[in-house]
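Residue numbers (our numbering), protein chains in the order written: chain Y, 11 to 116; chain F, 97 to 339; chain A, 1392 to 1949.
One thing to keep in mind: the hints can contain errors.
What the hints assert, rightly or not - Here are some of the chain F residues that sit facing chain Y, going by a computed Cβ distance under 10 Å: (1) 126; (2) 178; (3) 203; (4) 212; (5) 237.
What the hints assert, rightly or not - Rough simulated footprint, nothing fancy, chain Y against chain F, three-plus residues with beta-carbon under 8 Å: (6) 113-123; (7) 135-147; (8) 181-193; (9) 215-228; (10) 288-295.
Claimed, not checked - Negatives, chain F to chain A, calculated, CB over 12 Å: (11) 108; (12) 239; (13) 247; (14) 268; (15) 279.
Hints in this document: simulated from the structure, not taken from any laboratory.
Glycine included, C-beta positions come from ideal geometry on N, C-alpha and C.
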Amino acid sequence: MSEHIVSPKIYLAIFTTLMAGTGMTVWAAFQNFGKFNIVIALAIATIKATLVVLYFMHARYSPKRTQLVIVCSVFWLAIMLSLTLADYNTRRHEGRLASATTCYRA
Amino acid sequence: MHRTGRLYGQFETLEQQKETAALGMWVFLVTEVLFFGGLFLAYTVNRSAFSTAFGAGSNTLDIKLGGFNTVVLIMSSLTMAMAVWSAQVGKKKLVSIFLIATLGLGTIFLGVKVIEYKQKFDHHLIPGLGFDMRYRSEHPTATDDPKEMAIEKEEVEKTFAVDPDTNAHGQLYFSLYFAMTGLHALHMIVGAGLLVWLIKGSFAGRFTPQYNTPVEIVGLYWHFVDIVWIYLFPLLYLIDRHR
Amino acid sequence: MSTPPTPVRELPHKHYLNATYGAGLRSWLLTTDHKRIALLYLASVTVFFFIGGVLATMIRIHLLTPGGALVTPETYNKLFTMHGVAMIFFFLIPSIPAVFGNFLIPLMIGAKDLAFPKINLLSWYIYVIGGCFVLYSFGTGGLDTGWTFYTPLSSVYSNSAVTPAVLGIFINGFSSILTGLNFIVTIHTMRAPGMTWFRLPLFVWAHYATSLVMILGTPVVAITLLLAGLERMFHLGFFNPALGGDPILFQHLFWFYSHPAVYIMILPAMGVISEIIPTFARKPIFGYAFIAGSSIAIAVIGFLVWAHHMFVTGESTYAALTFSFLSYLVAIPSAVKVFNWTSTLYKGSISWDPPMIYALGFIGLFVIGGLTGLFLACLGLDIHIHDTYFVVAHFHYIMVGGAVMGYVGGLHFWWPKITGRLYPRALSRFAAVVLFIGFNLTFFPQFILGYLGMPRRYHTYPPEFQVLNVLSTAGASILALGYLLPMSYLTWSMRYGRVAGQNPWPATGLEWKTDSPPLTENFEVTPVVTWEPYDFKNRPDLGLATGTPLPAPALGDD
């Protein structure tokens, strides 16, 4: 395995981007984008996480096998989230959760 | 455990041993993704059901402390990456320095977390008996700005107007808050233990361009813990901040 | 062109069982040898099999009469719960992977050990610690929530010892994760020269697929049970509707692991069968790539079907339809395997050795179990038979008829390799038939009972169901004999059995090219693989001359 050494310059650049991302996500949270607040927050977080994986964790320079392992973890997480939410989002009795409490209390 | 690049019996070459260790850590991180994934799913389902109470809960968190911790943790990731680099290029002294810096930053993070937990305790925001989302605004302390408290009181009352069960649903938010940040902190503590072990090794000058697998794989773990926080910060601290 | 192997009279001079690392017990408790760890697992899963078996016997005795013959209703709830927990989490899930996978994967791929031997030992200790927690729960009030731990029963209302049990299963999950991790990394990085991916034995492919499920599913059930445990201990509300939580969320998270967990149980058994069938049909396996691929396909598709356990919970109809459709898809790779095994048998030169009888029994029972699974995947029909004995019969056909048959078959197949000795031939063939008959008599009546409407987990039933229940209980006593027989003669053979030699069947795998029992390092020199899998023709070393009648396996004391 020929080891790839990432130069400190790249690390510093990534670090600066991550800091900028943190600032941006805080700024965005104080703006009212309606439904898109959460989308923007998650998008920024995902970009930050991707940078950490690619450079700090050297995934960009790792063997294909390692990259496959990473893709698998994201894929299975997506299966779990999407199929479960597919149930919640297509229920006819919406707000079931909210009403359950009120029923109990009444 | 003081073996400098020793070849373990089950392997044929050092290279195979190194590859195996790295792959093992990556596969372990996959399990960690799914482990935290279950919590994130629970969070998503509950937040979409009780967005008002979750917003109110999130607004009780101290964004300054949370933001500070985010910066600290990302910095510790940088120092960890630099520790790996130092080992790769053979700067033995720098390895120790960067590892100690990482451990220091990790400890600061945990310290701030303790302060935050203590605040929640004082404000009656620990799920269970005595949990009350109104408590804070109704019991201002001497150091609180009366104006801010008045605004906060208004906000809380608005929340209760929308969702009369805010106390029940706020408890869900805080149950998830403590479960997620608690589990994250537990991972930090494990990581700190690993760092202490690495620092000991680095004092003995064990990590060289030929042999730095332990630094590398502990680094992978540390960065993963950082990634979890990158998601936890906006999801827990930044809900409905714009109101 | 070659001579049959000369009969061996003595065990090899030095092997993993007599190689000493320290004194006595210490050499076992501190071993990092995958073969010794496998035997540690063999002993500990047998303990849990006994516990689960005793509980099952009590259930069947209780159900002899409509009113219940043995215990109070509360105790009955505890019986079936503890039976499920012991059997599923502490016997079936670790059984084949942790015993045979541990023992055989390094041997089969030509490695000296697993990639992480110390982690391997650690995972056994984790298993033991988790097991102690669960036994503590059994001994101090028992457990009455059902093995599924549905909330809020488990987190609020149950008065039994739920917390230690949940913690025990949580801890045990890490044993499973570490085993899966070890296997995946080992299969990737430790293969001998020439052992390409498509020369791997199908047993190894099956374990690769199993390990995928272990590392991707187990963490989810771990966090779920942790949350349920926290909910119980600190009165939190994650899954408790009275506090705003959602019990269906618990079921989603629970079944995200626990449905694929069925494939943790059955895939390794399929791997065992894929080894036994070509060996005793003396033919290369039919459709190697398809069997290997179908293992991976089962592991992947198995993750897309979990909510078929929840058709009657109030989940969305659209989601239920989707999950119903996806559940049917699992039938495709499963059928691919069954057809390939039967095609392997076609025109094979079949010898009726004990492992083969177990393997054929497996195919029959698995087909019934699999086809009735389709009934349950069908959204409309499942409303009728949900939570009836039909479900109980179906999953016992898969887990006992499938997984345990595979386990016992594997035990007979590799016993000569593990101990170096053979067991009595006639007695073992008789035991296999007893097991098959006993099993069918126990569980086939339950299909009818379920279809007629007898619900599962009830301590009582209407008088008209008594005949079928008595049949089932009678079958259970035959089944018990079917398990006790192998236990006794296998134990006997450890001391008195005939010496097996390297390759008694003969089979083609790399594990048969070393001593029985193998050396601690497995091979004297790292083997180089130059042949294709299950190739009997180009293997003069097996002593099978082409065109001549095959020698009967050197088995038997009778």
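#### Entry: Hints breached by this structure
3, 4, 5, 9, 10, 11, 14, 15
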